[in-house]
Structure formats: structure tokens, C-alpha cells
Amino acid sequence: MDVMTAIKGRRSVRSFTDQPVDQDMLLKLLEAAVWAPSAGNGQTWRFVIVTEETMMKKLKMVSPGLLGDPPAVFVIAQDMALSKQKGGQMGPETLTKMDSAMAAQNIMLAAHAMGLGTCVIASFHPGAAAKLLDMPEQIVPTLMVTVGHPAVKPPPPKRLFEEVYWFEAYNG
Amino acid sequence: MDDKGFEDKIFGLVSYVVVSARNLLEEPARYGPFRLVDTASRLINILDEAGMSSDRLKAVRDKIEAGKYSAMGTEEEFEQFLETTVFFVVDAIDNTGD
Chain F
321 MDVMTAIKGR RSVRSFTDQP VDQDMLLKLL EAAVWAPSAG NGQTWRFVIV TEETMMKKLK
381 MVSPGLLGDP PAVFVIAQDM ALSKQKGGQM GPETLTKMDS AMAAQNIMLA AHAMGLGTCV
441 IASFHPGAAA KLLDMPEQIV PTLMVTVGHP AVKPPPPKRL FEEVYWFEAY NG
Chain G
137 MDDKGFEDKI FGLVSYVVVS ARNLLEEPAR YGPFRLVDTA SRLINILDEA GMSSDRLKAV
197 RDKIEAGKYS AMGTEEEFEQ FLETTVFFVV DAIDNTGD
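Those sequence lines, one after another, are chains F and G. Each residue of the first sequence is one higher than the last, beginning at 321 in this note's numbering. Each residue of the second sequence is one higher than the last, beginning at 137 in this note's numbering.
Isolated chain G (complex conformation):
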């Protein structure tokens, strides 16, 4: 991906975050955490496409993608997904792959 392509992807993500910030003033509360983890996943995708990702980042993205739509399920399912994702990230903190 060239610099313009990278900037273009980042611009799309920035737009997604800014519009989300505005819309979340009126949207269901759980859309907030959903948008945060979705943003994390999108950011990792962009880094991956630019050859700047890592195994642990891709693992976090895969974890998010596998469970993010629990936001449309019960509160308990979504909370459980977020909780396990937190500890998934914690377990990867020292796993830099170096």
C-alpha cells in the first residue's frame, strides 16, 4: 500500500470515529463499546494491509471479529465478550514476538 492509500484508509477510519462520536450522543449505550472494539479491529486491518501489523495484533483483531456482534445479543454475552477480550489483550502484552 502506498502512502496515499494508507492515508486514505486512515481518513476513512477517522471519519468513522468522528461520526460515531456524534451519533453516540443519541444511540444505544452499548454501541459505544462496540464502536471502540470495531475501531481497534479496523485499525489493525489497515496496519495489516500496510505490512505493519504483528501476530498479536492480528490475533486481537480475530478475537474481536469473532465476537463483536454479541453487541446485538444479550447484555451478558456482550459483557462476557468484552471481558474475555480484555484478558486476551493482557495475555498478549508481553508477547511482542521479538
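One chain only, chain F, in its complex shape:
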């Protein structure tokens, strides 16, 4: 699948079949994630992949945005201490969010190319998720990506195009 097809075909999937996602597929998605760009090549991201039912149930309790019953969730966390060391104040405040988002997008596009559905989630309590996942203090969850075999593929929402760009200068 070429990149543009993957970009335009990806949807936010919130309904999954019961079929588990093979571990080699999850590792392939992880590989896609770590090939994302990161600020100053910091690579301060850390990933916990949740597939086990008991932990998934607990994670859902503190993640209102984690909808449906996905067989796998990537918890994308950041080492905030390392980020501050590498990126100064801007690291933990801004760069970690950008880096997590770029890793998430790589996961979602790669998953789509593999026939999987995904949804990126910011609606969770980071402290509560960190505690459940036994993360050390400096590791902070920033995003989650649910992964599974889609039960329903939502229609594409309308995209603005003509209204959102200019060449050379805004309103130019």
C-alpha cells in the first residue's frame, strides 16, 4: 500500500472483532513507531503494549476515551527526565507530545496497511495509567493507540481543503 492510500484510508476505529492481533504484527507496529522522527533524535518514548484481559480491563477503568473492546493497546509514554535533559524545558512541555503523536501516526498508518484498525486516545488519566502499568515516576503516558481487527469501518469525515491553505502568505 502506498503512503497516500494509507493516509486517506485510515479511520478512527472504535469497534473491533474478538480476533487477537498476532505478536509479530504488534512488534511490526512498534518498529514503525520507533522509526518516527523525534525532536533532536531524542527517542525519549517508551511503549507498553497491553493485550492481557485483566490489565486491559483496569486500563479501561482509567481511560474514558478507550472505547470498544480492542485486543491490544499501545500506551505511548515519555521519559520526562530524559526529555528535559535532551530538550530543556521545551522537552517535557512540548516535544514529548509531538514525538508521541508522530509515533502514534506511524503505528496507525502501518496498522492500516496491515488491515488493522486503530484509534488514538488522549482521554485517560496519565497518573492513574502510570500507576496501573507500574511505570517509574519519570515515565509519563502521553497517548494510547488501540489496535485490532475492525468490526466496522467508519465513513470518511469531510476534509477541508480549499479553505485551509495558501501559498507564500496567509490569505495571499
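Hints may contain errors.
Below, in silico cross-link-like pairs of lysine-lysine (DSBU-like), each with a Cα-Cα straight-line distance of 30 Å or less [said to hold, decoys possible]:
hint : chain 1 : residue 1 : chain 2 : residue 2
1    : G       : 194       : F       : 378
2    : F       : 451       : F       : 348
3    : F       : 406       : F       : 348
4    : F       : 417       : F       : 478
5    : F       : 348       : F       : 378
6    : F       : 473       : G       : 145
7    : G       : 194       : F       : 473
8    : G       : 199       : F       : 478
9    : G       : 145       : F       : 451
10   : F       : 377       : G       : 194
11   : G       : 199       : F       : 473
12   : F       : 417       : F       : 473
13   : F       : 377       : G       : 145
14   : F       : 417       : F       : 378
15   : F       : 378       : G       : 199
16   : F       : 378       : G       : 145
17   : F       : 377       : G       : 199
18   : G       : 140       : F       : 451
19   : G       : 140       : F       : 377
20   : G       : 140       : F       : 378
21   : F       : 328       : F       : 417
It is worth saying that the hints were derived from the structure and are not from the lab.
Following the hints, position chain G against chain F.
Below, chain G alone, put in the same frame as chain F:
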């Protein structure tokens, strides 16, 4: 479903509501009504699994499930969904199935 299973499901719902309350302080405004109708749907699911639901409750849940993701669409779509759901509930008020 035994008592422990029922309590476990209710605990999950309580946790969802409590964490939502905290997170909604900073989340988009429309997530609030979304979480409320989603909670209603989840509650009906739990009651259904425990054999304590009813046709009208299941109908309300189905109505919610069919339209709740309009929260991710336009404001008009979501408002329309909520408005029609209100009157769906109103129409079921006296329909106790007795």
C-alpha cells in the same frame, strides 16, 4: 451474572465516571454530554447482562449506540442526536411494558 460479577461491572462504570469527571475539566466541552450518554448505555448493558433490563432500556441503549459517535462529527449532528434521543426517552416514559 453473580453478585461479584455485577459489583465488578458497576465498579468499572464508577471508575469510568470518576475519571471522566476529572478529565473533563480539561477536555473538549462536547465530551461531557458524550460521556453522559455513554454512561447511560454502559449502565443498561450491565443491567442487561444481569437480567435486569427491559425492552425500553435496551431500545434507549441501541439508540445511543447508533448515534453517540456523532460527537466526533459536526456540532449540529451531535446536537440533533442528543435532541432526538431526549424525545426517544420521553416517548418511552409511559411504556413500562407492564
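Now for the hints, and whether the structure bears them out:
Between residue 194 (chain G) and residue 378 (chain F), the direct Cα distance comes to roughly 26 Å. Compliance with the 30 Å bound is thereby established for this hinted pair. Taken as a hint, the residue 451 (chain F) and residue 348 (chain F) pair is honoured in the structure, with Cα atoms around 27 Å apart against an allowance of 30 Å. As the CA atoms of residue 406 (chain F) and residue 348 (chain F) are separated by approximately 27 Å, the hinted pair is consistent with the 30 Å bound. Note on residue 417 (chain F) and residue 478 (chain F): the hinted pairing holds, with a Cα-Cα distance of about 26 Å set against a maximum of 30 Å.
Restraint check: the Cα-Cα separation between residue 348 (chain F) and residue 378 (chain F) comes to about 26 Å, which is no more than 30 Å; the hinted pair holds. Note on residue 473 (chain F) and residue 145 (chain G): the hinted pairing holds, with a Cα-Cα distance of about 28 Å set against a maximum of 30 Å. This hinted pair checks out: residue 194 (chain G) and residue 473 (chain F) have alpha carbons roughly 24 Å apart, not beyond 30 Å. Annotation: proposed proximity of residue 199 (chain G) to residue 478 (chain F) holds, straight-line Cα distance about 24 Å (limit 30 Å).
Our distance criterion of 30 Å between C-alpha atoms is met by residue 145 (chain G) and residue 451 (chain F), whose separation comes to about 21 Å. Distance restraint check for residue 377 (chain F) and residue 194 (chain G): the Cα-Cα separation of roughly 24 Å lies within the 30 Å cut-off, and the hinted pair is therefore satisfied. With a CA separation close to 19 Å, the supplied pair residue 199 (chain G) and residue 473 (chain F) stays within the 30 Å bound. Taking the CA atoms of residue 417 (chain F) and residue 473 (chain F), the gap is about 27 Å. The hint holds against a cut of 30 Å.
Our distance criterion of 30 Å between C-alpha atoms is met by residue 377 (chain F) and residue 145 (chain G), whose separation comes to about 10 Å. Taking the CA atoms of residue 417 (chain F) and residue 378 (chain F), the gap is about 24 Å. The hint holds against a cut of 30 Å. Proximity of residue 378 (chain F) to residue 199 (chain G) is assessed by CA-CA distance (about 27 Å); at most 30 Å being required, the pair is judged to hold. Distance hint between residue 378 (chain F) and residue 145 (chain G) is fulfilled; the C-alpha atoms sit about 11 Å from each other, no more than 30 Å.
Between residue 377 (chain F) and residue 199 (chain G), the direct Cα distance comes to roughly 25 Å. Compliance with the 30 Å bound is thereby established for this hinted pair. This hinted pair checks out: residue 140 (chain G) and residue 451 (chain F) have alpha carbons roughly 24 Å apart, not beyond 30 Å. With a CA separation close to 15 Å, the supplied pair residue 140 (chain G) and residue 377 (chain F) stays within the 30 Å bound. Note on residue 140 (chain G) and residue 378 (chain F): the hinted pairing holds, with a Cα-Cα distance of about 16 Å set against a maximum of 30 Å.
Restraint check for residue 328 (chain F) and residue 417 (chain F): satisfied, since their Cα atoms lie roughly 23 Å apart, inside the 30 Å limit.
Checked against the numbered hints above, the structure breaks none of them.
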